[in-house]
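> As a plain string of letters, each chain reads:
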Amino acid sequence: MAAAAMSCSAFAGPLCKSGVGRTCTLYTKYSEDGDVVYEGLSEGQLLNSLIDQADLDCGDTGDRRLRAYRELRDTASSHWWQTTFDLKHRSLPALPMLIYFLYVGLFVFVTVGVYPHIFVDCRGQKCLLYNLSVPVQLVTGAMFFLLTFRTDLCYSRWWEGRVHWKLLDIATTNIVLNSIMAMGNNNLTKAVARWAIAYPLIVKAHIRKDGDKKLRDGLRKVLVEGEIVNVMRSRHRPNHVLTQMTCIVQQAVDTQAMTLMWMSQLTSDISNLQLYFAGVDRIAGSPMPFAYTSHSRTFMMIWLLAVPLSIVHDLEWLTIPVSVLIGYCILGIEGIADEIENPFGKDINDLDLDAIVRSCTGGLLQCVDTIESIEDDVALW
Amino acid sequence: MAAAAMSCSAFAGPLCKSGVGRTCTLYTKYSEDGDVVYEGLSEGQLLNSLIDQADLDCGDTGDRRLRAYRELRDTASSHWWQTTFDLKHRSLPALPMLIYFLYVGLFVFVTVGVYPHIFVDCRGQKCLLYNLSVPVQLVTGAMFFLLTFRTDLCYSRWWEGRVHWKLLDIATTNIVLNSIMAMGNNNLTKAVARWAIAYPLIVKAHIRKDGDKKLRDGLRKVLVEGEIVNVMRSRHRPNHVLTQMTCIVQQAVDTQAMTLMWMSQLTSDISNLQLYFAGVDRIAGSPMPFAYTSHSRTFMMIWLLAVPLSIVHDLEWLTIPVSVLIGYCILGIEGIADEIENPFGKDINDLDLDAIVRSCTGGLLQCVDTIESIEDDVALW
Amino acid sequence: MAAAAMSCSAFAGPLCKSGVGRTCTLYTKYSEDGDVVYEGLSEGQLLNSLIDQADLDCGDTGDRRLRAYRELRDTASSHWWQTTFDLKHRSLPALPMLIYFLYVGLFVFVTVGVYPHIFVDCRGQKCLLYNLSVPVQLVTGAMFFLLTFRTDLCYSRWWEGRVHWKLLDIATTNIVLNSIMAMGNNNLTKAVARWAIAYPLIVKAHIRKDGDKKLRDGLRKVLVEGEIVNVMRSRHRPNHVLTQMTCIVQQAVDTQAMTLMWMSQLTSDISNLQLYFAGVDRIAGSPMPFAYTSHSRTFMMIWLLAVPLSIVHDLEWLTIPVSVLIGYCILGIEGIADEIENPFGKDINDLDLDAIVRSCTGGLLQCVDTIESIEDDVALW
Amino acid sequence: MAAAAMSCSAFAGPLCKSGVGRTCTLYTKYSEDGDVVYEGLSEGQLLNSLIDQADLDCGDTGDRRLRAYRELRDTASSHWWQTTFDLKHRSLPALPMLIYFLYVGLFVFVTVGVYPHIFVDCRGQKCLLYNLSVPVQLVTGAMFFLLTFRTDLCYSRWWEGRVHWKLLDIATTNIVLNSIMAMGNNNLTKAVARWAIAYPLIVKAHIRKDGDKKLRDGLRKVLVEGEIVNVMRSRHRPNHVLTQMTCIVQQAVDTQAMTLMWMSQLTSDISNLQLYFAGVDRIAGSPMPFAYTSHSRTFMMIWLLAVPLSIVHDLEWLTIPVSVLIGYCILGIEGIADEIENPFGKDINDLDLDAIVRSCTGGLLQCVDTIESIEDDVALW
Amino acid sequence: MAAAAMSCSAFAGPLCKSGVGRTCTLYTKYSEDGDVVYEGLSEGQLLNSLIDQADLDCGDTGDRRLRAYRELRDTASSHWWQTTFDLKHRSLPALPMLIYFLYVGLFVFVTVGVYPHIFVDCRGQKCLLYNLSVPVQLVTGAMFFLLTFRTDLCYSRWWEGRVHWKLLDIATTNIVLNSIMAMGNNNLTKAVARWAIAYPLIVKAHIRKDGDKKLRDGLRKVLVEGEIVNVMRSRHRPNHVLTQMTCIVQQAVDTQAMTLMWMSQLTSDISNLQLYFAGVDRIAGSPMPFAYTSHSRTFMMIWLLAVPLSIVHDLEWLTIPVSVLIGYCILGIEGIADEIENPFGKDINDLDLDAIVRSCTGGLLQCVDTIESIEDDVALW
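Protein chains in written order, with our numbering: chain A, 1 to 381; chain S, 1 to 381; chain P, 1 to 381; chain V, 1 to 381; chain B, 1 to 381.
Everything labelled a hint here was simulated from the structure, so no lab data went into it. Fair warning: there could be bad hints in the mix.
Note that identical chains are pooled: a pair holds if it fits in a single copy or bridges any two copies.
What the hints assert, rightly or not - Straight-line Cα separation of at most 30 Å, DSBU-like style, residue types lysine-lysine; simulated pairs: (1) 214 to 166; (2) 166 to 204; (3) 166 to 209; (4) 204 to 221; (5) 204 to 214; (6) 221 to 166.
Keep in mind that this is a model prediction, so the values were computed, not measured.
In isolation and in its complexed conformation, chain A is listed as follows (with noise of 0.2 Å):
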């Protein structure tokens, strides 16, 4: 133990010489004799309970919703027909349709039904509103643009939050990878996949905005109590978790268990893991600036109020059905960007951060699959 303390001293960092600071909790543990006591349940059990979930949930990789969406492209007919009738998953901004509903309908009973002297029917007389028509479709192609260039905006958004957490998913199977490879099976490589699968489980519930019980409850099958407590009161969590695998891998260096080539590439890693949360946390923390969101939407209002003005003289009733149709047309448009603004929400068209957790501690419990099987090798030895 003392000759370990000091080759530790002698070519990497210091924080290993106290060992048994506040933050590196978990780490001390490993210190003591190499072994884990856990203090709720012993590590093959969370490992089992690990493989058991993930038999359950990721036996078949994941992103179900995804994956039914894709399979029904491929039989192209009843796709077409699914995305164009389904009802559930579509943009549908309820509300303000139905009052935009309730307006139309006044407004065409009020001029068609009540005053149509004035309005409609003006015998040789100029009638009020005749020619709004003009000035509604002067204006309609900058309200088509900045509603459809805001989609695009939002979409962009969206993919680059895909991209962003797909590369988190990759950057933690990685370290696992880099782990195994590093230092074969071993108590430090389990605590490194331990916290590589609850990092993401951390960064949903940060982004998310999620309650601090539902995140206790998913890190239980991976954390033990004392962990779980740090990662709770720690004032930024994500970090946190970074800080806990930097400890081990140092920890590891020290104790001879990694070399120093493993360590630049595991800490490089780790590096990664953080620039990748900062993409998808810069996403879920600017939504688009507050003008444009508000003036697209305030102009749309605007034209929707006037487009039963503009056609009221030449249809009539029929003005009803059609602005109502307009009005879903429009709003739909508006109401896709600001579906996919923040793709890290949970409803149909946000990306699946559940399913795509599970597969990602899918991919990572197959690391921990081949650290067993070459266990069950060397017991057999």
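Following the hints, position chains S, P, V and B against chain A.
Chains S, P, V and B alone, transformed into the frame defined by chain A:
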């Protein structure tokens, strides 16, 4: 052998210590006496079958279809007519068009043939549907923006898929080239080359959700039976290949067939493979947001249904050909987006994955040629 | 001391040889006896004031305004009305709108109220201005394209600013974390942490062209008086901080508090800081090309002035509300572009730099906590 | 020699051991006595011919055409007229325009000249085709969006091609510069330089599918006959060059003419070459999706055929010039997309590959100058 | 000297062996006795003139014009009027506008003034040109798309130019800072600094195709006569500077003034310089494809010529002001694209290269200050 094992434990990871693990079946075979006995067929037969296949398939550098198209472009005028009149390869959503044709025919038959006095020839009265062209024109811009933006986004997905697949190709070539530079003509080099050739096949099957049988047949030309079995029963097949390659690299380092510098290079190549696979996978696995696809399609349907209503008063029987032509043009735009949204399918507008895989295999086989030629020289000495 | 100087000259740069240079005031202080005497207040007081500030400001992870907005989004309906009716935060170029309103009012008063027989009610003759709606409609598309493209480009500047600022945040965190890993709880680590906390403050002041007094007040919480004086009189303040950090790193290498590998890591982190600063600086320092802004604005002005002329014949008194609404919608689009072109200003639609800086400081203080906790453990030993 | 072989096997790859392999013909030549005997002409003759060529071709730094265009721009007014009236270099799909002209002429002759009472002058009855302008206007927007988006995408391909080709240029220069820094004036340096000069020639021929004869002629100025034969019969010529370079680098390491650090740098430069080649190759090898090109062209054809139908009633004989002008403008947009989709062709709007290659060669020859000058100095000693 | 030469040949490249080569004139000067004798003026004079220049020019951190514009923006209302009414800096293609004005005037004079009965007041007959507004409106959208897309692409070129120029600036600063860290206050450091200050000047002259005389004058403040002569007669001046820097770095390694790690860092900085230069060069050297510019301009010309024809029937004499205003707006859009396509020119909308170069020089001089201050400290010892 014992010395090698010791030196191995000194500066490489511990995985090589066990060396008989289930995951590393392949690699332990080499460790016996530096040579390999395959279950099914000998190494020479394997490589010969590869070269035969290459002579048949990739002697012309693959990509036949793309080249055919490209050559057409150079003879400009024929290209012009071909792209304009070619019937087979264009986007043509046949069923929706048929239904739309029936709808238009029926509608015009009713309005013009049966009740002309209501809709068309109204004798001084306002015709029903007369003024519908105004609201249809009003929203036309919005629908076209939405459609073309979607096509644009789909094209960027298609291109991104192409880029990442090409990078995957290069990364596999790099791995083989670097293995040859690092280890020369060696059984481990051949093993890396075989796994590198298998990788695109496995990724292709993973992405297309091909059946196991087809993949098994493809792999039989490069892998031996035991390896194939391991591939088939792994949780995540592409990752399995990467793990195998890392095993071989570490084995090479342990037996001092490879310097540490080359090991670092190959580790980074393998990690690049994973990155490019992620790029391919996220395009195959994340279709456009459902709300986007579904709303733009519904909007288009509503618009198409309204078109004959808005022109029947002016065009009467001409409404039928005009509506059908408009329907063809608009449904075709939608069809392009549909075709290229997932570039990894099997129809003509998708990337010709088979050809790319074949071309990739051809490139790798040139490396194998290099090995062979060096070997021959040695044999002549 | 002499020995240290020699070892220093052996493998590190020569800057540390002189060691008393004006630029490196801070760093020579440490070299005396490994401890620091500050002019104004002690190290402990400095860090305590930091932590107090953090408890007040960043205990809630900052970004209050963004989070408030984000939370609104999750309660969809209220969000809808807020973005539509909120008056305070939208883009509203008040003065131009007022002038436009007066112009429209005056114009309509003259044409409809005073000379109706010339402009509106022309008794069989061609009215003056009658056909102006045709050319106005002709160029409407061009103006809208120009406006929305400009808005789009401005959004991409806004987002790029956000991305680079976030990366700056991460890079400072990385420097502090890596310093802790490399040197443990050490005076040099604290110095790096203090400069890292000062960096975003200085960049913010540099970019916003804040007065010196404000910056000086902000810095007083992290830097001592002598350091602040040096910062204030340097030619390029952000670069001054980077030079200071490099000095400290080299000092650490000379006194063997840091290995060469960590030095290489920290040098690369510091060079990243410069890169991200450049990203921020080029957005703050390069407005859109003058010709672009000015021509699109002039085009818009001409168009807006022509609108009432083109509709007054048809709409008469209605021209006033219609023109004003159109003016609001179009000026608003221009206003969005104006608001978000430079995302580092102080109004509501700009990035909340203060909150981001505070959140960044909070993240860094967690690192300081880590140091403290290790120190406490050591103290208990 | 024996000692060199041994040291070689000690720290470099095993490829150099064989050293006489078919692939490495060139490189074994140097290993005999450190000098080279070329089949055709001496080293001096080779480099002299290179310099002569450079004095003729690249003394003016190449890119003549681009510079001519750029200079035109600076004299703004003449540039204006040249771009507007220049006949030679614009996009002008001549055959389709001729056919369109004939179609319009025939159609107008029939409708206006032969059957005016049906189509034009209908005496109170509804003219046939009268209302066709409404549906044509309806879909005009969609077609224009599709066309200009396609042009936009093609431009981005053109620019990406330009970027990657420039990077390829830089990477070859880097290889030569680094070789000189690493090895000085040396036969191996000259060999690397010659292959680096050959690389752009070979890539150009590969991408343009030039005939073998042309390539052979071009290569004769830089490579000797044996090398050319090997290039011509390799499966993948660009990769063949990269393999040759790697061989030379390894040879240099074996004979200790190069340190390991420079070897690592050169290996990374060579791998960059491959990356940039991939960037160029994927643009040359992946035309736009067939469905995209073909549908947008068909849509355009339908629209153009419908234009005279929709305006003949109003414009009568004027239909001919108007339709032809419209046809020219629209076919021209299509023509731009067609011209720049593949930027590596031979017409005026493509990248002037020949000039870029020549400029690239000129830059490399400056490096050769450097070698020569050092050699002269040595000779004077 | 002999010992240095030997150690040099041992671990660095061989270039330093010759040491008197034409290319490395500068660097051999240092190798004599570690000091330099300049032809024209002493080192002190050189640096003093630099600092004087900096006090005059860059004391205010350069970028005066940009800052003036930026400050205007902060006082929103004045900014509004300035951008709208400012006459000097907007895009205004004067000659084309004049010609267009004459054309419109002549055309209206003929049609309305001379032959009104044919074109305007047709007494029951169809007027010639009456219906031309329909086809003009038909293609208006296409032309506007083309124009604004081109403006958009040109803006992205402008921004990319800005980004790369800023990166070039940073890379030169990095080289100087790293030299100081690596070598301290040293003649070689000063030489690197002087070449780094010369680099932006030379790149600017290269890109703007400035005359040799102007460049020579600019360089006289940083380089000595012999160096300037070498720069002027090199084939590729920017590359010449990079070669000189590499020479100095290698010299420093040979004389053990720099460790190998710093050499690797500086080599990578120099290679970055080349990369950013390439980014700048490809924008300056590749104008938009000729067919794009020329067709969009011709299309615009045809459209502008057709505008008065299409509105003269309705607007009569009003055609003149209306056409001229339309012409101004549309030609102005074209003018923006023209102005910003090449951002490295000399007019107001281009990047203010002179100011950026001056600011860059100012940043570098701060580094020189640092050297000086250290030197002073040493002098005081």
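> Compare the structure with each hint and give your call.
Structure-based check of all given hints:
1. For the homomeric pair residue 214 and residue 166, the shortest alpha-carbon distances inside one copy (23 Å) and between copies (28 Å) are both at most 30 Å.
2. Proximity of residue 166 and residue 204 under a CA criterion of 30 Å is satisfied in both settings, with 13 Å inside one chain copy and 19 Å between copies.
3. For a Cα distance limit of 30 Å, the shortest separation of residue 166 from residue 209 qualifies both inside one copy, at 20 Å, and across copies, at 19 Å.
4. Proximity of residue 204 and residue 221 under a CA criterion of 30 Å is satisfied intra-copy only: 16 Å inside one chain copy versus 34 Å between copies.
5. Taking identical chains as interchangeable, the C-alpha atoms of residue 204 and residue 214 lie at most 30 Å apart only when both belong to the same chain, with a minimum of 11 Å there against 38 Å between chains.
6. For the homomeric pair residue 221 and residue 166, the shortest alpha-carbon distance inside one copy (23 Å) is at most 30 Å, but the shortest distance between copies (32 Å) is not.
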